[in-house]
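Once you've looked at the hints, dock chain B against the given chain A.
Protein sequences appear in the order of chains A and B.
According to the working numbering, the stretch in the first sequence is residues 1 to 228, in order.
According to the working numbering, the stretch in the second sequence is residues 1001 to 1207, in order.
These are computed hints drawn from the structure, not numbers from a lab.
Each residue gets a CB set at the ideal place from its N, CA and C atoms; glycine is no exception.
Computed, partial: chain B to chain A, Cβ under 8 Å: (1) Leu1090; (2) Val1175; (3) Leu1179.
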Amino acid sequence: MTTMSDASGAAALPPKKGWRDNYLVQGWLMLTLALAFGAVLAAVQLALGPAIAANKRNETFSKVPELVWGRELAAKMAAEDQTLGIETRNLPVTQNGQTTYYRVYDAVWNGQPAGWVIQAAGQGYADRIELLLGLSPDAEQVTGLFILDQKETPGLGNKIAADPWRGQFIGKATAAPLAVVKTTADQPHQIDAITGATISSRAVTEIVNRAVADLKTELAAAAGKAAP
Amino acid sequence: MSQNQPTALERFVQGILPENPVYRQLLGMCPTLAVTNNLLSAVTMTAAVMFVLVCANLIVSLIRDLLKPHLRIVIFTLTIATFVTVADRLLAAFVYPMSKTLGPYIPLIIVNCIIICRCEVCASKQGPLVAVADGLGQSLGFGLGLASIAAVREILGTGMWFGLRILPEAWPDWVIMVLPPGAFLTFGLLLGLVNWFNARRGVKEGA
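Here chain A stands alone, though its shape is the one from the complex (with noise of 0.2 Å):
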């Protein structure tokens, strides 16, 4: 086979190669373009590129009232063109010789501790949940959750991310772990489950109380250093 081709290829070409058979000649017109589409890709990158990382952050941090203050009182805050004060931290947690660092936003009004939100992540059912969690600024009350990226099935785990669900947290102490149950919660530290998708709920709950037994001494102390 090899050899048949090898002699109908010697056959078709002419004995000397010429300058135009070189590869680059060849390929000019691929060159020049690439090199043109380079130059286009790395302008609009240059033009765009500030616009997109301001939108991730953008994301981030207009949540961040909503979860130290509850929606009502942000509103109005908003509406009021009040703004918190917001500066980010990233807080080293060692755990099994491994440290992982959280993503904190510390929320300042009026020169005051107004609240806590944590960055956390954990596994879903179908892939990582990514969120937000709100915190008092003594660390003992959830003041928010906000579930910033998830892939869970659309439909029925995917409502985590909805209001009614979230809602749940907000008032909920950390003193103690919080508990998903699948029947109706009556106790204070439990968290209904969503039908069809309990381990969604689980795991967001998980993450939630990981978060809050990762950072809870460390962030009440740093408030109450802040306010003498």
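For chain B alone, kept in the frame of chain A given last:
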């Protein structure tokens, strides 16, 4: 070049119904099945494909006399990839939530065979005006296909169109319609309907 080649108007019209990419050519099945669980993502996907297809067709048509037969596919792909990246960045900058919803399906337009098919069939053989008309027609046809599937899936799956409630609250959402199986069911039924309709029309014309 011009003998027997369709005109710009013919190319435009053909793309919409007679050569509909979704129902007649069965091309671009990945987005057809993946992003049709609501109308808004179907429309955004169509807009992105239209942008890429028209731009790629235009560029390929302009350089068609410089193309070498054995290097043409590489150049098509290079051109398409560039415009897909531009479309992806534009979506992320201006409609960020939509860009998150569509996720990997925007970068995947690179391998959407509708576009490379139009570059090969039309843009590499005809002038820029015809190529742009062809791109517009084909992407409108693609949009029509996507929107028809999305309309059925969204209203049966959530009772809504474009996120606005159409059916009364009492409607029991057929969740399966917004899940992947719903895409196959809806597409299969609609495709069957289109074929049945065409066959019937063919019989009438023949008689």
